[in-house]
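Asker: One letter stands for each residue in the lines below.
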Amino acid sequence: MSEHVVVVGGGMVAHRFVEALTARDTGSAFHVTVVAEEDRAPYDRVGLSAFFSGSTPEDLTLGAPGLWESPGTTLRTGSRAVSLDREGQCVTTADGTRLAYDHLVLATGSYAWVPPVPGADLAGVFVYRTIDDVIALRDWVVRRAAELGRPVRGAVIGGGLLGLEAAGAVVGLGAECTVVEFAPRLMALQVDEGGGHALRRTIEAMGVDVRLGTASERIEADADGRVAGLRLSGEEDPLPVDVVVFATGVRPRDELAGAAGLPTGARGGVVVDEGCRTPDPLIWAIGEVACIEGRCLGLVAPGYTMAEIAVDRLLGGDATFPGADLSTKLKLLGVDVASFGDAFATTPGALELVHSDPVAGVYKKLVVTDDARTLLGGVLVGDASAYASLRPMVGAELGADPGLWLLPENAGAARPQVDLPAEAAVCSCNNVTVGAVRDAVTDHQCHDVAAVKACTRAGTSCGSCIPLVKKIMGAEMAKAGVIVSTALCEHVGLSRAELFNAVMVSELRTFSEILTRFGTGRGCDICKPVIASILASLYDEHVLAGDRAALQDTNDRYMANLQKDGTYSVVPRVPGGEILPEQLVLIGRIAQDYGLYTKITGGQRIDLFGARLEQLPGIWQRLVDGGMESGHAYGKSLRTVKSCVGSSWCRFGVQDSVGMAVLLELRYRGLRSPHKIKLGVSGCARECAEARGKDVGLIATENGWNIYVGGNGGFTPRHAELLVEDVDDATAIAIIDRYLVYYVRTADRLQRTAPWQQEHEGGLDRIREIVVDDALGIAADLEAHMARHVDDYEDEWAAVLRDPVRLRQFSSFVNAPDAADPTLAYVTERGQRRPATAAERAAGGTSSGPVLIAPTTLEVRS
Amino acid sequence: MTAVADRLTRVHICSYDDLTPELGVAAIVGGEQVAVFRLADGRVFAVSNLCPFSGAAVISRGITGSRGDVPTISSPVYKQVFSLVDGRCLDTVDKSPLPGHGPDLVVHTVSVDDGRVTIDLLGS
Numbered sequence: 001m002s003e004h005v006v007v008v009g010g011g012m013v014a015h016r017f018v019e020a021l022t023a024r025d026t027g028s029a030f031h032v033t034v035v036a037e038e039d040r041a042p043y044d045r046v047g048l049s050a051f052f053s054g055s056t057p058e059d060l061t062l063g064a065p066g067l068w069e070s071p072g073t074t075l076r077t078g079s080r081a082v083s084l085d086r087e088g089q090c091v092t093t094a095d096g097t098r099l100a101y102d103h104l105v106l107a108t109g110s111y112a113w114v115p116p117v118p119g120a121d122l123a124g125v126f127v128y129r130t131i132d133d134v135i136a137l138r139d140w141v142v143r144r145a146a147e148l149g150r151p152v153r154g155a156v157i158g159g160g161l162l163g164l165e166a167a168g169a170v171v172g173l174g175a176e177c178t179v180v181e182f183a184p185r186l187m188a189l190q191v192d193e194g195g196g197h198a199l200r201r202t203i204e205a206m207g208v209d210v211r212l213g214t215a216s217e218r219i220e221a222d223a224d225g226r227v228a229g230l231r232l233s234g235e236e237d238p239l240p241v242d243v244v245v246f247a248t249g250v251r252p253r254d255e256l257a258g259a260a261g262l263p264t265g266a267r268g269g270v271v272v273d274e275g276c277r278t279p280d281p282l283i284w285a286i287g288e289v290a291c292i293e294g295r296c297l298g299l300v301a302p303g304y305t306m307a308e309i310a311v312d313r314l315l316g317g318d319a320t321f322p323g324a325d326l327s328t329k330l331k332l333l334g335v336d337v338a339s340f341g342d343a344f345a346t347t348p349g350a351l352e353l354v355h356s357d358p359v360a361g362v363y364k365k366l367v368v369t370d371d372a373r374t375l376l377g378g379v380l381v382g383d384a385s386a387y388a389s390l391r392p393m394v395g396a397e398l399g400a401d402p403g404l405w406l407l408p409e410n411a412g413a414a415r416p417q418v419d420l421p422a423e424a425a426v427c428s429c430n431n432v433t434v435g436a437v438r439d440a441v442t443d444h445q446c447h448d449v450a451a452v453k454a455c456t457r458a459g460t461s462c463g464s465c466i467p468l469v470k471k472i473m474g475a476e477m478a479k480a481g482v483i484v485s486t487a488l489c490e491h492v493g494l495s496r497a498e499l500f501n502a503v504m505v506s507e508l509r510t511f512s513e514i515l516t517r518f519g520t521g522r523g524c525d526i527c528k529p530v531i532a533s534i535l536a537s538l539y540d541e542h543v544l545a546g547d548r549a550a551l552q553d554t555n556d557r558y559m560a561n562l563q564k565d566g567t568y569s570v571v572p573r574v575p576g577g578e579i580l581p582e583q584l585v586l587i588g589r590i591a592q593d594y595g596l597y598t599k600i601t602g603g604q605r606i607d608l609f610g611a612r613l614e615q616l617p618g619i620w621q622r623l624v625d626g627g628m629e630s631g632h633a634y635g636k637s638l639r640t641v642k643s644c645v646g647s648s649w650c651r652f653g654v655q656d657s658v659g660m661a662v663l664l665e666l667r668y669r670g671l672r673s674p675h676k677i678k679l680g681v682s683g684c685a686r687e688c689a690e691a692r693g694k695d696v697g698l699i700a701t702e703n704g705w706n707i708y709v710g711g712n713g714g715f716t717p718r719h720a721e722l723l724v725e726d727v728d729d730a731t732a733i734a735i736i737d738r739y740l741v742y743y744v745r746t747a748d749r750l751q752r753t754a755p756w757q758q759e760h761e762g763g764l765d766r767i768r769e770i771v772v773d774d775a776l777g778i779a780a781d782l783e784a785h786m787a788r789h790v791d792d793y794e795d796e797w798a799a800v801l802r803d804p805v806r807l808r809q810f811s812s813f814v815n816a817p818d819a820a821d822p823t824l825a826y827v828t829e830r831g832q833r834r835p836a837t838a839a840e841r842a843a844g845g846t847s848s849g850p851v852l853i854a855p856t857t858l859e860v861r862s
Numbered sequence: 001m002t003a004v005a006d007r008l009t010r011v012h013i014c015s016y017d018d019l020t021p022e023l024g025v026a027a028i029v030g031g032e033q034v035a036v037f038r039l040a041d042g043r044v045f046a047v048s049n050l051c052p053f054s055g056a057a058v059i060s061r062g063i064t065g066s067r068g069d070v071p072t073i074s075s076p077v078y079k080q081v082f083s084l085v086d087g088r089c090l091d092t093v094d095k096s097p098l099p100g101h102g103p104d105l106v107v108h109t110v111s112v113d114d115g116r117v118t119i120d121l122l123g124s
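Protein sequences, first through last, are from chains F and A.
Each step along the first sequence adds one to the number in the UniProt record's numbering, with nothing skipped, and position 403 is 403.
Each step along the second sequence adds one to the number in the UniProt record's numbering, with nothing skipped, and position 51 is 51.
Next up, chain A with everything else stripped away, as it sits in the complex (with noise of 0.2 angstroms):
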């Protein structure tokens, strides 16, 4: 059972030498659209990359920051800012999200192992 989810589910997207610190980028994972983040201090994270208030997959090109001790990502599209932790808006900027959608950002769980970097959708 686990061995047909593994398959399915956790994809190998690019190596951890191929993210830029604070730079993001987006992958394809199972026809989904992730955005993954390598941080100053060597963590990596993956969010959904559809912003979540415009309709456009972007989050990938958004700017990484802080919020206190959170690590955030804004959106470049309004600038909703977004908790790389849990995926929750913590600024709507008074916008509402699109019909259908909810403020946040569904994580995604990264793996790094050996160099490569691992996403599994099912680890959300």
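If we strip away everything but chain F, and leave its shape as in the complex, we get (with noise of 0.2 angstroms):
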């Protein structure tokens, strides 16, 4: 007979306690109900506004839903316990139910506290907790912004990290903001008055009022008893708002223990020892209604480490509070923010060192010993990429010159090398050691970061330590001897350049051949794409030819980029971004006539998206009776070719810019690629076509191209580096060919041109004596591959739409070609469809949201 656990509260700690439980109770010694006030399940509240950027309250759920399902566990939501009976051991909910309890967990978390500001129970007046809380203020601000034909106002009642969130919450809403707080500095919990003044610096050169030391003394109501304006302390006229969001705090929900005459602290909170239990032996309490060691700790991580206690202490163990660790890093409004150890320097004897840059919105401290040996902490503003090898750092010797921490990452002095203390923390979600990553590496052979994230738990909350743990997972094998192996798969044991030189030299064509030469097994989807693209660039023949169209990924199988719906946008290439007015209209129509949402792409072509599988040929037919062409958005391949307007039109342009791009872009177009790979002229040194953040850059000069390598967007952004300086047409286009060449033949699996020039041995310098003095005597071999590649290219869609046989893939049901996908539904946003949410496809269109299109209303016109 298993024991019954209860645990009040569904929030992010009861779920870890609950998934702590099933995975440590393996002898079903317990079964667990948890009791959620909230009509879901436990969802992740530390990252309630990324709603705010399109996630739904599903993307926001927390763990394996399986969790819920197996049999030792139920949860009970939209139930509320109303009150605790210890005597009789049990707990009785709204609705009366009674659950007797063999443990009670009280995980009821804290609420938000709202001052007693005369009008604050005025409608348009929220907090900035739940779920619920982040709708309705949504649904308030899209409303009154309709109702009242201009942007609403806003104003934020706490400057501390919850305000700073519901801010950059109601920015992004499209409102104006005032942030007030009493204290004179931003985030006076977490950083000093130095970063307090960085911070307010940066927010409000985005456009963020922020008001200082003062109180909000009384929110005034228009004739319809709704928020019209904020009388602020020693202000004469009412701060004109339409929308107020209390952020000032929390409290510990506290009344279930407290009415049942359990003890609670000072400040509110259930008291717990050190191993989270109550004076009854029967209850514990976990997470922000538990006062421990005193207090209640409003953060998520002390909340977990709870969790895990109590767990263990359940199943027999003896694991004590280890004490807070109240490190924050986070990403407010945009800007990093981190705080750590003794962050204001209450050590005695305690020394400072301080780098401000005002004009970059950067503040760093450093808090050290009296020695300067020692790291006790530090607060980081606008740039807090060293807080991951920082904070497991605190009370460890930080070695070289503590100062050089504190200069940007790439000014040029590498950040000092040391080795971090076995029990330094790496994840502190997770409470995860710098010594259980080596251990995963040493003693269970994880030699991938997933392997690692799996046997440790590092990583698998926030992921910002996913670097540190990187670099120890790298250093760790280092030291074993273990290779990184450059195996592509299990199928094929060499490195993508390997392979690529084995299928040239061996002049083999198709992916069996391959395979059956250099590989075992029967492929998959790794080493699949990976010969696709060598056939692709050593060949130029169709993507489709012979037995590649199983080899493709969908994007390249398709030509036409894959959506999250399962439906495809289409690009025509638009070459420098120069278009003919009848082009505009061709595409304008197709878009009418499919119902197609359009959309200017970054990389300035005009992107239809919603197509189906069997409408692409369709479409393409049109295009290209149009005279356009596939624009290879999809695929690792050459996307786009951006530019300025250059010397034709504008005043300071001195080279053709869009000539060049237009002639850099049909050159290229097609050309396969490790990555996909995109390019940039601009026609002087104003840069307006951002050519250094592409792979390749030209910016003129007046004497001609500098060319810049190695730049892009994505993840880890970075600039191009100047290559070669001040030449003409033919030979930037000679080195163009060159340097793309080798790097289609040399790069690994998805390695952009940047981290390739970065390791490639000898870096950009050794690579500028191969592609520009031809160090290696290859060049002409280089120059000669694309201009084959250039000779043989022919257009992708055109291809197809002559072919029958490649037609009929373009089918969506063999069994119904021409049928629409049944699942897909779209609603209406601005005047175009998107795809329909899964909370819209619920409502089915019948609540007061968005109407909901069936797919079948969008059928062709013509």
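Note that these hints are calculated values from the structure, not bench results.
C-beta: ideal position from N, C-alpha, C; glycine also.
You may find that some hints are simply not true.
[Claimed, not checked] Between beta-carbon pairs, the in silico distance windows are: (1) V93(A) / A396(F): 33 to 41 angstroms; (2) K95(A) / A29(F): 38 to 46 angstroms; (3) T118(A) / E147(F): 53 to 61 angstroms; (4) K95(A) / V790(F): 35 to 43 angstroms.
[What the hints assert, rightly or not] Calculated pairs, DSSO-like style, for lysine-lysine (alpha carbon to alpha carbon, straight line, at most 27 angstroms): (5) K329(F) / K79(A); (6) K95(A) / K79(A); (7) K79(A) / K564(F); (8) K79(A) / K470(F); (9) K564(F) / K471(F); (10) K95(A) / K479(F).
[What the hints assert, rightly or not] A few chain A positions that, by computed beta-carbon distances, are all more than 12 angstroms from chain F: (11) P71; (12) D86; (13) G87; (14) D114; (15) D120.
Make one complex out of these two single chains by using the hints.
Answerer: Put into structure tokens, the structure is as follows:
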């Protein structure tokens, strides 16, 4: 007979408790019931603001969904515990249900505290705590903006962590925003005065009004009882506002425990010992409701620790609370803010090292011991890149000059390399130490990040520690003499570059021959697209020729770009961004006829979204008839050549950037590469085409072109570096030919030009020797390769349209070739359609929300 | 009894020669979307076409392959890998399926008689 654990509260900490209990209770000694007040499964409250960047409530749901389906767990959503009977060992919920427990875990968290300001109960006043709060805030702002016909004015009361989050949300909704804070600086609990100043400057530069050292006296209403103004102390006129958000702190929800006679702390919270147990041996309290070591902790990391401790104790362990790590790292309104250790230098004799760059909005402070050797804590605002390395170092000697840590990451001076102590925490969300990561590599043979994550749980919550995990893993593997395998996958033991050469030398032309000769098995989704790309680079045959269709990722297979709902986007080529009016009209007509969503891309082209598989040939036919062709906005290939207007129209242009961009785009169109590549051409040093953000960028000079290489956007953006200066058109093209082919032949799978260049032996200097000075004597070969590509190019769309066999692959269903996918559903937004979210589908268009459009109403008109 | 079930759930979808080796197709069977694959060795498999991680009906457009001896299909959206034999998700790519979905694909019985490919929805 298993014992019954009742958990009151359904937040993040409750979720972690159940997850840990299910994982560790292998003998099924316990079954657990969670009483959750909200109508949803536990979700990521820390990530609430992601809601405003398009996430749905479902996206925020925590953990594996199977958790609540296992027989040992019951989740009662929409259920509130109203009384606790300790003698009878049962909890009663609002609907009268009595839940008997053997063990009770209080995880009721906190509520948003609203100070007693007159008018705090008006329509248009919100708090920022739950998904429902956030939805209500969003709906209000959207509705008021429509009613008022102007941007909504918002005020957020509270300039702490949550207040700045809320301000970000309000601004994200298109509203104006004022942050009102009683303290003389922002985030007073986490950052010091200098940090607060830097934060304020940066936030004000984003258009958010900041009022410090002032209190809210009263919220005023309009004739209809809605928020209209906010009166601040010491100010004559009220601030005109249409919405007010209170972010003035949280208070523990300890009323259940208090009423049952359990002791509570001076500032609230259920008092527990270091094992998270209340004086009643059957009752635990964890998370924000617990008063541990005399205080309540409003961060999720210590809450998770408490959850793990309670589970350990239930299972007979003796884990104790190790003390709270109150470090925080956040991106508020796009500004990095981090605070760790003794951030306010309260240790006797502590020294503060400060670097402040008001122009860049960066403030960094390290707190060290009086001998300047041991790190005690720090504050980072504007650039928190050193946080992951520094936080685990608290209490350890910094080694070299601590000041080096304050410099920007790429200031030239390398940050000191230090050996982290084994007990230092890497992942504070899950309490994983450096030692645990090292053990995973050495004792458990985890040789990639995924394996380390699975083994230690490091990096599975917020993910900010993954770069550090990678670094420790790499160092440990190097120490153990483990060579990181360059094998493509279980079928091919060669690296991409090796395979490229092998295929080139052997002159094999089919996947099955190549795999038989250089690999084993049947291939997979890793090696198949790589081989398809190599064949495309070497032979310039159609991507669907021979047995190749089955090797291609969906984008190359259907020559369009797969979107989230399974439809595709179509992008016709617009070389250099130069387009005829007739072609603009044609694209617009096609979009109207097929009901496609249209958007100008970041690469100066026009993207048509929502085309179904079976519609692609019809759309292409009309584009091809109008003189347009495939834009290769799919696959790993040349995407676009961005350009500014250049000398033909611009007052400042010194070269014809449009002409050069058109020339380059037509030259390299269809070129398959390890990663997608983009080029840019700017007509003068003003750099309007942002050419230094591209894999290859040309910037005009009085004397010709400067060529930059290895730039990109993506996850870790990089500026391109100068390869050669002041070259004429012909030389520029020869050098770009060589650079691109050399990259195509030697880079790893999915490796962008930037890391390729960085990891190339001898770096950019060596690449320059090879592609500019021809140190290896292969320049002519590289140019010949590109010349072949240019000569053999054919429009892939037109080729499919001419081939009835390939066309058959564009059927929706083998037994109903023209039927529309019945699972597609759309809503209109700002006059165009987009895929319906899960919630909108569930509502079926019957609610007051956006109208659901069934796909059948969008059939082709022609 | 069986005859009634047969009529409702056994659906001929195409001829065997319509299937290109290693290149999936989608079919509609009794209102349900099924992804059908003919492997290079001649075996034919059918699984649900709906990707449980993205909600898009696109499994037929994935890339076939193998993990050890197990023939597999990878979803084209987020690249999860599934066994074609029992539908099990072999690599979740660190993602969770959508709420209301398990990680695995439903497997359907498929038979080839006289060059005709038939799907039996009951046989899953």
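Asker: It remains to establish, for every hint, whether it holds in the given structure.
Answerer: Results of checking the hints against the structure:
For the hinted restraint 33 to 41 angstroms between V93(A) and A396(F), the CB-CB distance of approximately 36 angstroms keeps it satisfied. In this structure the supplied range 38 to 46 angstroms is violated for K95(A) paired with A29(F), their Cβ-Cβ distance being about 31 angstroms. Look at T118(A) against E147(F): about 59 angstroms separates their beta carbons, and that is inside 53 to 61 angstroms. Between K95(A) and V790(F) the CB atoms are about 41 angstroms apart, so this pair conforms to the stated range of 35 to 43 angstroms.
Pair hint K329(F) plus K79(A) does not hold up; C-alpha atoms about 31 angstroms apart against a cutoff of 27 angstroms. Distance hint between K95(A) and K79(A) is fulfilled; the C-alpha atoms sit about 10 angstroms from each other, no more than 27 angstroms. Pair hint K79(A) plus K564(F) holds up; C-alpha atoms about 13 angstroms apart against a cutoff of 27 angstroms. Restraint check: the Cα-Cα separation between K79(A) and K470(F) comes to about 22 angstroms, which is no more than 27 angstroms; the hinted pair holds.
Using a Cα cut-off of 27 angstroms, the hinted pair K564(F) and K471(F) is violated, with the two alpha carbons roughly 33 angstroms apart. The straight-line distance between the Cα atoms of K95(A) and K479(F) is roughly 32 angstroms, outside the 27 angstroms bound, and the hint therefore fails. Interface exclusion of P71(A) from chain F breaks down, the closest Cβ pair being 7 angstroms apart, not more than 12 angstroms. Once the 12 angstroms rule is applied to beta carbons, D86(A) is consistent with being away from chain F; the minimum gap is 17 angstroms.
Taking the minimum C-beta to C-beta distance to chain F, about 16 angstroms, the non-interface status of G87(A) holds against the 12 angstroms cut. No Cβ of chain F comes within 12 angstroms of the Cβ of D114(A); the nearest lies about 17 angstroms off, and the non-interface call holds. Listed as a non-interface residue, D120(A) keeps its Cβ farther than 12 angstroms from every Cβ of chain F; the least gap is roughly 15 angstroms.
Consistency note: the structure conflicts with the earlier hints numbered 2, 5, 9, 10 and 11.
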